[in-house]
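K.L.:
One-letter residues, chain by chain:
Number of protein chains: 2
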Amino acid sequence: MPNAMKLTILGSSSALPTSERYPSAHVLNAHERLFLIDCGEGTQMQLRKNKIRFSKINNIFISHLHGDHIFGLYGLLSTFSLMGRKNPLNLYAPENYHRILLSHLLDFDIHLNFEIVFIPLAGKDPMLILDDKYITVTSFPLKHRVPSFGFLFREKPAERNIIKEKIEKFNIPGIRIPAIKKGADYLTPDGIVIKNSELTIPPPEPLSYAYCSDTRYFKRLSAFVKGVTVLYHEATFDKSMDDLAAMTGHSTTLDAARTALEAEAGSLIIGHFSARYRNILPLVEEAKTVFSNTLPAIDGRCYDILNLVNPLEKNTYL
Amino acid sequence: MPNAMKLTILGSSSALPTSERYPSAHVLNAHERLFLIDCGEGTQMQLRKNKIRFSKINNIFISHLHGDHIFGLYGLLSTFSLMGRKNPLNLYAPENYHRILLSHLLDFDIHLNFEIVFIPLAGKDPMLILDDKYITVTSFPLKHRVPSFGFLFREKPAERNIIKEKIEKFNIPGIRIPAIKKGADYLTPDGIVIKNSELTIPPPEPLSYAYCSDTRYFKRLSAFVKGVTVLYHEATFDKSMDDLAAMTGHSTTLDAARTALEAEAGSLIIGHFSARYRNILPLVEEAKTVFSNTLPAIDGRCYDILNLVNPLEKNTYL
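Top to bottom, those sequences are chains A and B. Sequence positions in the first sequence follow my numbering and run 1200 to 1517. Sequence positions in the second sequence follow my numbering and run 1200 to 1517.
Mixed in with the good hints there might be a few duds.
Note: identical chains are not told apart, hence a pair may lie in one copy or across any two.
[Said to hold, decoys possible] Lysine to aspartate or glutamate pairs mimicking DMTMM-like chemistry, simulated, CA-CA at most 25 Å apart:
(1) K1425 x D1503
(2) K1250 x E1219
(3) K1255 x D1306
(4) K1342 x D1306
(5) K1394 x E1358
(6) K1323 x E1364
(7) K1250 x D1503
(8) K1365 x D1331
(9) K1248 x D1498
(10) K1250 x D1498
No wet-lab data here; the hints were simulated from the structure.
Working from the sequences, and respecting the hints, build out all of it.
P.N.:
Structure representation (structure tokens):
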């Protein structure tokens, strides 16, 4: 199992979209499973533009019930249905959304031909909400004007890689290999213990990605995402606007950077930019004064979580 | 008052948007008042792309409660509010939408800082729903799977144009001019009647535009839009698919053309194309076999209702 996590930003705007920036939506590709995180208006058009296959999306995560994070969901669900989807869809959203969704489908005469499995988000502690062969997903509470949740996607540790030469050298029978890959030592027929560390090399470090949607700064957040490979954190405002940020339950560039620093994140991607910023470069520069490995979210860009490259280095416009 | 009606197509797709076609939304500019007709997902981005000023939109017309005609409304209302709108907004929609809208604003924590004046659409007969200085708007029922309405926008007849030389010739006092412009004859001090037709020339014919949203063909529709300058009519399917059209409550190219013919419309614009058609040229050709003056709706195109030019003549791609 190779490390494999790629993130595509479909929307990097806050509530007011601009001509270059759509409202929030991220797609995380982890081992060829696609996880859609938030679904602002126009997500289905952005998916199409970015040639992302609708049929590979089986899990949608909604951070909170503000329009710029969810108004694309109704259209997307209709489109799934019109495209003949039969596979169930797991929908993770704040608990009160289930009622809202059901009455909405009724009001708009929408008859889905697939099942929605609703997983409610609630509570004040991290919650394991998905656990499959390759990854786990944990939700954790944020602090916003309405209940809001972040999501942490973690690869499971891969098995250790066995060194072929050692199999031959110690004549290890095949039946013992799975245990050794999991970390067991090998006991030879002569009763000699060969340490696992001599037989195997460790797998690559598991990758992880955390999505911190609308939130004001709070100390405990960094504990929720401790050691994450790539942290996405909203940075709606520049550092001079911390009053407005506090009033609206949002973060400044420095808030985002501080959380990344305290979490000892590998890298920070900031986004959810207010429409007042045409040029987002100064926002990135501000964040860098606290956390140097900061990149901007840019609509339509794909980020390799393992080998993160600053999209600014790839392009001349912003 | 010069004739002035321009139509911008923001979305020409049916339920499933494609990479070139957004869901339904039209903007009619009548004497610099902007009327937004239907509001599919992404309408606010399309308005921005087409540099249409949000603040000039004071009337929104929703034909029916299917997502591809309304899922852009919530985002647009939020955006109006975030942009500081104070002016009331007139919203014309099927009567049961008022309840849905109010509960939606509550569910999504949307606090609009402007008033929505809700005008319910209902009934089986045409209904005058707007009457201002320059135009009238009439709604009329369509036949679809849910209650659906069309809209007829009509310029009011302008006043007659008085011939300057005649004012001098008959020495007409200024106080009599307004009556003459409205069609009165002029009685000279000598008691001679000068016929109005000798004093004035008629104003240009009032323009009109009708929007026929999702509907199957029915005979009475042409009476609702009799003599309209430009008729927009949905044509979701090609002529071979009349079974599917009947089943889904939609029209084929020939249905649209037949209504245009029976209504004695000046021109026909067809749209709401199914995503199955990448190339819409054959659909236009089909409609032309019944009604020759047929044009396609193309996203982002502006149509002058007075001097309608086929957009196909302006461009090479479709």
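K.L.:
Now tell me, hint by hint, if it's right for this structure.
P.N.:
Hint by hint, here is what the structure shows:
When the C-alpha separation of K1425 and D1503 is checked against a cutoff of 25 Å, the pair qualifies only within one copy, where the shortest distance is 20 Å, while the shortest distance between copies is 59 Å. Taking the shortest Cα distances, K1250 and E1219 sit within 25 Å of each other both inside one copy (18 Å) and across copies (13 Å). For the homomeric pair K1255 and D1306, neither the shortest alpha-carbon distance inside one copy (28 Å) nor that between copies (30 Å) is at most 25 Å. Only between protomers do K1342 and D1306 lie at most 25 Å apart by alpha-carbon distance; the minimum there is 18 Å, versus 31 Å within a single protomer.
For a Cα distance limit of 25 Å, the shortest separation of K1394 from E1358 inside one copy, 16 Å, qualifies, whereas the shortest one across copies, 101 Å, does not. For the identical chains of this complex, K1323 and E1364 are neighbours neither inside a copy (51 Å) nor across copies (84 Å), given an alpha-carbon limit of 25 Å. Taking the closest pair of Cα atoms, K1250 and D1503 come within 25 Å of each other only inside a single copy of the chain (17 Å); across copies the shortest separation is 35 Å, beyond that limit. Within a single copy, K1365 and D1331 get their C-alpha atoms no closer than 32 Å, and across copies no closer than 89 Å, so neither meets the 25 Å cut-off.
In this assembly of identical chains, K1248 and D1498 lie within 25 Å of each other by CA distance both inside one copy and across copies; the values are 11 Å within and 16 Å between. In this assembly of identical chains, K1250 and D1498 lie within 25 Å of each other by CA distance both inside one copy and across copies; the values are 14 Å within and 20 Å between.
Violated hints, in rising order: 3, 6 and 8; the structure is consistent with all others.
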